[in-house]
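Asks: Spelled out from the first residue to the last, the chains are:
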Amino acid sequence: MNSERWAPILFGIVGLMIWQGAVIFLHVPAYVLPGPIAIIQAFFADWQSLLLSLVATLAIAAASLFAAALLGIILALGMAASRWARAAIQPWAVVLQVTPVVALAPLIIIWVHQQFLALVVCATIVGFFPVLSYTAAGLAATPPALLDLFRLNGASRWQIVFWLRLPSALPYFLAGLRIAGTLALVGAVVAEFVASSGGFASGLAGRILEAGYRLEIPRMFAALALLALAGIAIYAALGAFERAILKRVGATSL
Amino acid sequence: MLAARGVTRRFDDGTVALKGVDLTIADGAFVVLLGPSGCGKSTLLRLLAGLDQPDDGRIIWDAGAKPRSGEIGFVFQDATLLPWADATENVFLPLRLAGRSLSDSRAEITELLAKLGLTGFERTKPAGLSGGMRMRVSIARAMIGRPRLLLMDEPFAALDEFTRHRLQNDLRTLWQETGMTVVFVTHSIYEAAFLASQVVIMTPRPGQIATIRPGIEQTIESRRTDPEMVALVGAISADVARMMPTS
Ligand SMILES: Nc1ncnc2c1ncn2[C@@H]1O[C@H](COP(=O)(O)OP(=O)(O)OP(=O)(O)O)[C@@H](O)[C@H]1O
Ligand SMILES: [Mg+2]
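Protein chains in written order, with my numbering: chain V, 2 to 255; chain E, 76 to 322.
Hints in this document: simulated from the structure, not taken from any laboratory. Fair warning: this is a prediction, and the values are worked out from it, not measured in the lab. Beta carbons are placed, not taken as given, at the ideal position from N, Cα and C, and that holds for glycine. There may be inaccurate statements among the hints.
[Claimed, not checked] If the Cβ cut is set under 7 Å, some of the chain E residues that face chain V in the computed set are:
no.	residue
1	L126
2	W159
3	P169
[Stated by the list, open to error] Which bits of chain V does chain E cover? Going by a derived footprint, with three or more residues having C-beta under 8 Å, they are:
no.	region
4	140-149
5	154-161
This is chain V alone, in the form it adopts within the complex (with noise of 0.2 Å):
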């Protein structure tokens, strides 16, 4: 077994055994730093409603995931097709991109009633940008010889999108896909936040504030560290799908 691969684990025990230590000894008070303990405590106190929210936010993040990769598949395939629809589509993608989406937030959960809509609106609105950069890139970077091919032997326009250019893409769009899935988890709880001041409150976000108000800290600390578990596993998850997708085709990752 590679011995790197456990230095990440082994240095966050490490960390966590440093940080009990110090709060302990230096009688810092749990409402302002507690330690692993207590905050393992916390989570056990009240672990159905911290993972009930978890399934909430990730229920968010699921579904602005699959969004944002059929919109920036749909988008990178018009802006692959010609040249007027890129020209017309890549500034509108970078302004969405650049626009804080804490800023957008307001106003996308007036106009969207539903609220987990809402929110998926926002999430999305983080996530698709690398999917479809990512998708757009791979879709332009189809080896010109293969077109040649492809024309040679008088394929359709639709022959070679789906034949030769979405394939060719694939690996593009998977590693494009494990950017978006921590962006739309990142957006969704954003979004959250926001909306919690409307009434919203059942995500991971609800409870951080919730915990905040009433100086409940170790709570805080647990609903955070469910938050970047989540982000981890997420991240992991789909380098693993990424993985076995292109084993089974046959290619190799970005």
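Given chain V's structure and the hints, the job is docking chain E with the ligands onto it.
Replies: Then chain E with the ligands, alone, in the frame of chain V:
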């Protein structure tokens, strides 16, 4: 008959790849293009295939002789295969685009792959093939549709001498059997002398035709060391030497 008339190709960056190229390719000819790197051989092949357009001059086909899609086979300088498809599926591609089914074509593909020494690798994807094997798959792909015009861009450059000899023989035989027209690019004088019915020697920057030499009618394996063959190699070598700048 296919001909280039005063063909000039100037790229956007100002490179003049070809200048005033006149070349007539008779039906059933085996034309070998020989020339230093960068003299525009690949560019000329793309123009002949209709994949690129000349800036001046024209590519002319005899009335009614212009091949339809699928009637031109092209072996690219790099074996560009679909990485997600196995050898059989890669060879199948031109037939697939022509609307044929894989089950109908499989036997034919397997036979062709066997001819190219790829038996046992029918289901292997490009990543699992060596460079020379990939090139052979790409050659099979160009031949599967029985093209009337076969354009080959240094197809044997990446092969070992043994496989190269075998494939040179096979290609020569196939050409004689089918009567197809072949335009073949190589850097090897010996290969040119062995294969060609016509050797075209080009000069670089801008690419122009320096000499056209008739090849040998009957080349077979046993004649690789014939005096006639050796004389042709010598003559082409002299042509090439004449192109070199005198110091
Ligand atoms: N798309 C392009 N844009 C600009 N210049 C090009 C392009 N394609 C080829 N050239 C230039 O045209 C010239 C001829 O290129 P070409 O590929 O036809 O040469 P070649 O004879 O096939 O060389 P080699 O034997 O190395 O394959 C070269 O100088 C090359 O740099
Ligand atoms: Mg070339």
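Asks: Of the numbered hints stated previously, which ones are contradicted by the structure, given in increasing order?
Replies: none
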